[in-house]
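Number of protein chains: 2
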Amino acid sequence: MSTSFELRETDGAARRGKLSTAHGMINTPAFMPVGTAGTVKGMHPDSVALTGAQIILGNTYHLMLRPGAERVAELGGLHRFMNWPGPILTDSGGFQVMSLAGLRTINEEGVVFKSHIDGSKHQLTPERAMDIQRLLDATITMVLDECTPFPATEQEAEDSMMRSMRWAERCKQAFVQRPGYGLFGIVQGSVYPKLRQRSVTSLATIGFDGYAVGGLAVGEGQPAMFEVLEATVPHLPKDRPRYLMGVGRPDDIVGAVRRGIDMFDCVMPTRSGRTGQAFIRGGTLNIRNAVHAASDRPLDETCRCPACRGYSRGYLHHLFKANEMLGPMLLTWHNLQHYQDLMAELRQGIEAGRFEEVARRWEAPATEAEDPG
Amino acid sequence: MSTSFELRETDGAARRGKLSTAHGMINTPAFMPVGTAGTVKGMHPDSVALTGAQIILGNTYHLMLRPGAERVAELGGLHRFMNWPGPILTDSGGFQVMSLAGLRTINEEGVVFKSHIDGSKHQLTPERAMDIQRLLDATITMVLDECTPFPATEQEAEDSMMRSMRWAERCKQAFVQRPGYGLFGIVQGSVYPKLRQRSVTSLATIGFDGYAVGGLAVGEGQPAMFEVLEATVPHLPKDRPRYLMGVGRPDDIVGAVRRGIDMFDCVMPTRSGRTGQAFIRGGTLNIRNAVHAASDRPLDETCRCPACRGYSRGYLHHLFKANEMLGPMLLTWHNLQHYQDLMAELRQGIEAGRFEEVARRWEAPATEAEDPG
Numbered sequence: 001m002s003t004s005f006e007l008r009e010t011d012g013a014a015r016r017g018k019l020s021t022a023h024g025m026i027n028t029p030a031f032m033p034v035g036t037a038g039t040v041k042g043m044h045p046d047s048v049a050l051t052g053a054q055i056i057l058g059n060t061y062h063l064m065l066r067p068g069a070e071r072v073a074e075l076g077g078l079h080r081f082m083n084w085p086g087p088i089l090t091d092s093g094g095f096q097v098m099s100l101a102g103l104r105t106i107n108e109e110g111v112v113f114k115s116h117i118d119g120s121k122h123q124l125t126p127e128r129a130m131d132i133q134r135l136l137d138a139t140i141t142m143v144l145d146e147c148t149p150f151p152a153t154e155q156e157a158e159d160s161m162m163r164s165m166r167w168a169e170r171c172k173q174a175f176v177q178r179p180g181y182g183l184f185g186i187v188q189g190s191v192y193p194k195l196r197q198r199s200v201t202s203l204a205t206i207g208f209d210g211y212a213v214g215g216l217a218v219g220e221g222q223p224a225m226f227e228v229l230e231a232t233v234p235h236l237p238k239d240r241p242r243y244l245m246g247v248g249r250p251d252d253i254v255g256a257v258r259r260g261i262d263m264f265d266c267v268m269p270t271r272s273g274r275t276g277q278a279f280i281r282g283g284t285l286n287i288r289n290a291v292h293a294a295s296d297r298p299l300d301e302t303c304r305c306p307a308c309r310g311y312s313r314g315y316l317h318h319l320f321k322a323n324e325m326l327g328p329m330l331l332t333w334h335n336l337q338h339y340q341d342l343m344a345e346l347r348q349g350i351e352a353g354r355f356e357e358v359a360r361r362w363e364a365p366a367t368e369a370e371d372p373g
Numbered sequence: 001m002s003t004s005f006e007l008r009e010t011d012g013a014a015r016r017g018k019l020s021t022a023h024g025m026i027n028t029p030a031f032m033p034v035g036t037a038g039t040v041k042g043m044h045p046d047s048v049a050l051t052g053a054q055i056i057l058g059n060t061y062h063l064m065l066r067p068g069a070e071r072v073a074e075l076g077g078l079h080r081f082m083n084w085p086g087p088i089l090t091d092s093g094g095f096q097v098m099s100l101a102g103l104r105t106i107n108e109e110g111v112v113f114k115s116h117i118d119g120s121k122h123q124l125t126p127e128r129a130m131d132i133q134r135l136l137d138a139t140i141t142m143v144l145d146e147c148t149p150f151p152a153t154e155q156e157a158e159d160s161m162m163r164s165m166r167w168a169e170r171c172k173q174a175f176v177q178r179p180g181y182g183l184f185g186i187v188q189g190s191v192y193p194k195l196r197q198r199s200v201t202s203l204a205t206i207g208f209d210g211y212a213v214g215g216l217a218v219g220e221g222q223p224a225m226f227e228v229l230e231a232t233v234p235h236l237p238k239d240r241p242r243y244l245m246g247v248g249r250p251d252d253i254v255g256a257v258r259r260g261i262d263m264f265d266c267v268m269p270t271r272s273g274r275t276g277q278a279f280i281r282g283g284t285l286n287i288r289n290a291v292h293a294a295s296d297r298p299l300d301e302t303c304r305c306p307a308c309r310g311y312s313r314g315y316l317h318h319l320f321k322a323n324e325m326l327g328p329m330l331l332t333w334h335n336l337q338h339y340q341d342l343m344a345e346l347r348q349g350i351e352a353g354r355f356e357e358v359a360r361r362w363e364a365p366a367t368e369a370e371d372p373g
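Protein sequence lines correspond, in order, to chains A and B. Okay, so the first sequence: first residue is 1 according to our numbering, each after it adds one. Okay, so the second sequence: first residue is 1 according to our numbering, each after it adds one.
Chain A extracted, bound-state conformation:
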């Protein structure tokens, strides 16, 4: 028995579900904080859980290079290694190889690349990607795919997608099934609806425990992304979770849930938090802005995270000006809480048949909405 998904409620295309795994249950729609190198940067893992996160994401590329998949396995697997007993989804490493590694050579067998850390040479094939994620003890394993660059001609997108489908088949063959563990396929096809639909058909024929939509949030813009979702998601098996990779801002997430997506991951809340950008109701603010220096208001009056309950904007501003670690620690916590609050409200909205009412509250403009002090 792999992971199992129960679809509990729908409201339009929006879905309220429950994903059961070997390491615990995940309420969907769900946002997965990113723990790239075996840590959600600046957060104790029990703090991550306190925000309401039930699953986190790990990056195969980073972990295979440092400390190495075999080392993680020796030290008890990623859950024990990083002290996160809950579910972990690992990506396949393909995306990061293309964006971070040096001297990449990609062919039918797989991809050869040089580490961005020490220049050492590595190979990633569908079989090795499965092997690494098994060594990491990933609850949910992702197939190795090629994230088609954007823009791509229809022919380029087709060639790339077809290779990803052949790799998906090899991943399915190599994946070692264990109770409560799952393997997700990844839909490619760039912005071409027919390619996306062919990709869905290929993957559904192979059969996966969940389906990701990949190759988005790579510069195509929100309207194009939503169009791709509308051309793709309705064709996906209804009884499996759907995961939109690498997305996004709160309004991206709302729009994708509206179109039937169940799972998300993005570095935005953590990365923004480290640089002083906070997500608040109605927009974002940059705490480094001088307007906050004398403010005794909390970051967000409606938020129950430690940053908002314990500190003034003036203090948080001071921490960033003084380059104190606690600044990134507190803003990361707040942003993760903000994202989890978003997901909790979306789930409640779907349950109550009032998804659109909740959605409107969160679809703030995606621009910097700096408010005075």
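Simulated from the structure, these hints should not be mistaken for laboratory data. This list has only true hints and no planted wrong ones.
Treat identical chains as interchangeable: a pair holds within one or across any two.
Straight-line C-alpha distance at most 35 Å; calculated DSBU-like pairs for lysine-lysine:
1. 321 / 41
2. 18 / 238
3. 18 / 41
4. 172 / 121
5. 321 / 121
6. 194 / 238
7. 172 / 41
8. 238 / 172
9. 194 / 172
10. 18 / 194
11. 114 / 172
12. 18 / 172
With the hints as your guide, set chain B onto chain A.
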């Protein structure tokens, strides 16, 4: 009524006491974690409290420059600003002016200096030091003194000490007494017993709520430091707490408690933690050392801190190698726990009349005692 000190037990010269303040009670001997710029670096304040710390130290020099004492006052004082409701002792800024600031001019009036942050010009006088610490809302205020450089001739040490005594008198005049708040004097006199004793007499005549021994841990070495304590502490009023400023390693603390000191502060546990050095029973280890990469042992089997309960040395090593914030966060927590465990055991030892037995357990060599894996 200022702060009040109750001496509960003694074992030899070692003292077990209780210091009552406007912001809470402090069991002595006590170690104060250093929160230089309004934060104990890398620690949430509730985590600092979880280690057992009952009082922290703030640095007047850093806070007067950024964000400024008036700003801290506007934002509710240092307790509210940094979300630490417990007692806070602030130093007077004199020591940091001499070690960090540029272009210092010291005369009878006070000291003029340039900020190491932005080059702006500032003055610190005994009166301004009292004013700043009142604006910060320090539970315990320290007099402005001149930390006599080491080495100093007896004449230099005398001139410097005498000026500090005149400043101490001005501080006492300027200090605004409030219930549960205290003002501590600082004994100077370098390594010269007679000067130390004259300094004690001067301060006791003025009358303070506590007495610090300053001008030590500046390069004189542990034997000379202990000699100064032996020539100084017995002359201090018995009914007031004694504070050894800027000290030290665990064995320094044990030796000073043996000689009658009640309070300590030092950046060592926090600063070492950030660079990967951990204090463990029997010595220290550097977690960056390759010997730890594959170790599944905890940092210290006897420690109950999150770093020791939740993680292997192999994981902590990985965090430091990958420059992940969680590495400094966890090692700082551990080192602060180690120091608080030391203080708790010393207090228990004094209560039980077995101080020397406890002391021996903690007087490990002060050198790097790296153990294999």
